[in-house]
Amino acid sequence: MTLSNGALKKYVGDVYLMEKLKYNQETAIQNLKSTIQNLNNTMPLPEPVQAVVPSQKENKAFKTISLGVVFFLFSSILMEFFSLARSGVGYALSVCMSFAMLGSTIAVIKGFCDIIRNVKIRKENKSIDAQNQKNRDLYLANKKAYDQSVRKAHTAKKLAGVLQNRLYDLQKELAVIEKDLTHIYSYNIIYPAYRNRAAVTSFFEYLSSGRCSSLEGHEGAYNLYSMEARMDHLAEGQNKILSHLNKIEFNQRALFLAVNKSSEQLCQMQDAISSVDQDLQRIASASQVSNAQLERIACNAEMIQFNSNQIRSEVELRNHVDGIFASHYQF
4 MTLSNGALKK YVGDVYLMEK LKYNQETAIQ NLKSTIQNLN NTMPLPEPVQ
54 AVVPSQKENK AFKTISLGVV FFLFSSILME FFSLARSGVG YALSVCMSFA
104 MLGSTIAVIK GFCDIIRNVK IRKENKSIDA QNQKNRDLYL ANKKAYDQSV
154 RKAHTAKKLA GVLQNRLYDL QKELAVIEKD LTHIYSYNII YPAYRNRAAV
204 TSFFEYLSSG RCSSLEGHEG AYNLYSMEAR MDHLAEGQNK ILSHLNKIEF
254 NQRALFLAVN KSSEQLCQMQ DAISSVDQDL QRIASASQVS NAQLERIACN
304 AEMIQFNSNQ IRSEVELRNH VDGIFASHYQ F
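Going by the numbering used here, the sequence shown opens with residue 4, and the numbers climb by one from there.
FYI, nobody ran anything at the bench for these hints, they're computed from the structure. A few of these clues could be false.
Here are the simulated DSS-like pairs of lysine-lysine, each with C-alpha atoms no more than 25 Å apart in a straight line [claimed, not checked]:
#1 Lys-60 to Lys-129
#2 Lys-25 to Lys-36
#3 Lys-161 to Lys-146
#4 Lys-113 to Lys-60
#5 Lys-36 to Lys-175
#6 Lys-175 to Lys-25
#7 Lys-160 to Lys-36
#8 Lys-137 to Lys-147
#9 Lys-137 to Lys-126
#10 Lys-161 to Lys-147
#11 Lys-25 to Lys-13
Cβ-Cβ distance ranges computed for the label pairs, FRET-style [to be verified]:
#12 Gln-33 to Met-234: 53 to 59 Å
#13 Met-230 to Lys-23: 37 to 43 Å
#14 Asp-150 to Glu-29: 36 to 42 Å
#15 Met-230 to Pro-47: 44 to 50 Å
#16 Val-179 to Arg-214: 21 to 27 Å
#17 Ala-201 to Asn-34: 42 to 48 Å
#18 Lys-129 to Cys-99: 42 to 48 Å
#19 Tyr-149 to Lys-182: 48 to 54 Å
Keep in mind it's a predicted model, so treat the numbers as computed, not measured. Ideal Cβ placement from N, Cα and C applies to all residues, glycine included.
Sequences and hints are given; from them, build the entire structure.
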């Protein structure tokens with residue numbers, strides 16, 4: 004079908020609006036799906052648990068002391084009574100009462116010890132009560148946050164249901180748009196290879212700006228779009244090449260710096276080797292001097308040994324002669 008310039012411009016404009024509407028509808032659907040998924044994934048916070056530290060029970064110290072005192076007095080009276088009875092049974096009961104008094108004394112002592120322990124327990128319970136109060140306050144704060152999160156999750160689920168219904172409506176509208184777009188493309192005014200949003204947008208810009216007046220032909224929209232697509236492809240390829248060249252330049256610079264650093268390290272190693280060689284030469288010279296001194300010391304030691312041997316021989320000879328004279332010329 005051949006259309007005039009004005010009709011072609013109107014047709015391409017309608018197709019452009021339909022493609023734009025389809026793109027906006029698809030974008031809205033995608034965003035709505037993401038929102039619904041986030042709402043459905045909204046979970047409440049974990050339910051808090053109040054931590055309670057049990058307090059310690061106090062001992063019944065005063066009761067123990069009272070019973071011990073009463074029993075002690077009662078036992079002492081009975082022991083006094085039984086001691087008046089001058090019999091074996093009375094004596095035995097008196098001894099039993101003395102043990103009872105001892106037990107009462109121990110009970111009283113235990114009661115006083117319990118009083119001391121109760122003072123410590125009250126102090127610890129006061130600290131425990133303060134900790135329980137902090138735990139209670141923290142629990143109330145966490146419980147409030149938990150209740151808010153539960154309400155928020157419940158609201159999010161309800162909102163997700165409402166948006167899900169809206170999503171169905173948008174999908175139905177998208178189906179209508181796609182049906183209308185398929186129908187408008189069925190006139191075969193635009194080639195199937197160019198039936199996409201990018202190409203139609205470019206065609207609409209070409210026709211609206213007057214860069215071309217038709218779709219076909221050497222100066223038509225098809226040829227211009229293909230040429231720009233190739234140029235974009237070439238520009239993208241050049242950008243990739245430039246990126247690779249920059250990487251190569253960076254790697255070469257890094258290699259150059261590494262080589263320079265290696266050269267500096269080699270120079271340092273050569274200097275160190277030269278220094279070590281000089282030290283070895285000095286050590287060798289010192290060794291030669293030391294060897295000469297050792298030879299002189301050895302020679303001196305031999306002379307000292309020789310002189311010592313001579314002196315020892317002379318002494319032995321002198322002693323021998325003295326012995327001979329002593330044996331022949333005794334006074």
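Taking the hints in turn, this is what the structure says about them:
For the given pair, Lys-60 sits about 12 Å from Lys-129 by alpha-carbon distance, which is consistent with the 25 Å threshold. As the CA atoms of Lys-25 and Lys-36 are separated by approximately 16 Å, the hinted pair is consistent with the 25 Å bound. Restraint check for Lys-161 and Lys-146: the C-alpha separation of about 23 Å stays at or below 25 Å, so the hint holds. Taking the CA atoms of Lys-113 and Lys-60, the gap is about 16 Å. The hint holds against a cut of 25 Å.
Restraint check for Lys-36 and Lys-175: the C-alpha separation of about 15 Å stays at or below 25 Å, so the hint holds. Among the hinted pairs, Lys-175 with Lys-25 is consistent with the structure: their alpha-carbon atoms are about 12 Å apart, no more than 25 Å. Under the criterion of a C-alpha separation no larger than 25 Å, the hint pairing Lys-160 with Lys-36 is consistent with the structure, at around 14 Å. Proposed proximity of Lys-137 and Lys-147 is supported: the alpha carbons are some 15 Å apart, at most 25 Å.
A C-alpha spacing of about 17 Å is found between Lys-137 and Lys-126, which places the hinted pair at or below 25 Å, so the restraint holds. A C-alpha spacing of about 21 Å is found between Lys-161 and Lys-147, which places the hinted pair at or below 25 Å, so the restraint holds. At most 25 Å may separate the alpha-carbon atoms for a hinted pair to count; Lys-25 and Lys-13 meet this at roughly 18 Å. The hinted range of 53 to 59 Å is not satisfied by Gln-33 and Met-234, whose Cβ atoms lie roughly 31 Å apart.
Here the CB-CB span from Met-230 to Lys-23 is close to 24 Å, at odds with the stated 37 to 43 Å. Asp-150 and Glu-29 have their C-beta atoms about 39 Å apart, which keeps the hinted 36 to 42 Å range intact. A hinted range of 44 to 50 Å for the beta carbons of Met-230 and Pro-47 is inconsistent with their spacing of about 59 Å. Taking the beta carbon of each, Val-179 and Arg-214 are about 33 Å apart, not inside 21 to 27 Å as hinted.
The supplied range of 42 to 48 Å is broken by Ala-201 and Asn-34, whose beta-carbon atoms lie about 21 Å from each other. A hinted range of 42 to 48 Å holds for the C-beta pair Lys-129 and Cys-99, which are about 45 Å apart. The given range of 48 to 54 Å is respected by Tyr-149 and Lys-182, whose C-beta atoms sit roughly 49 Å from each other.
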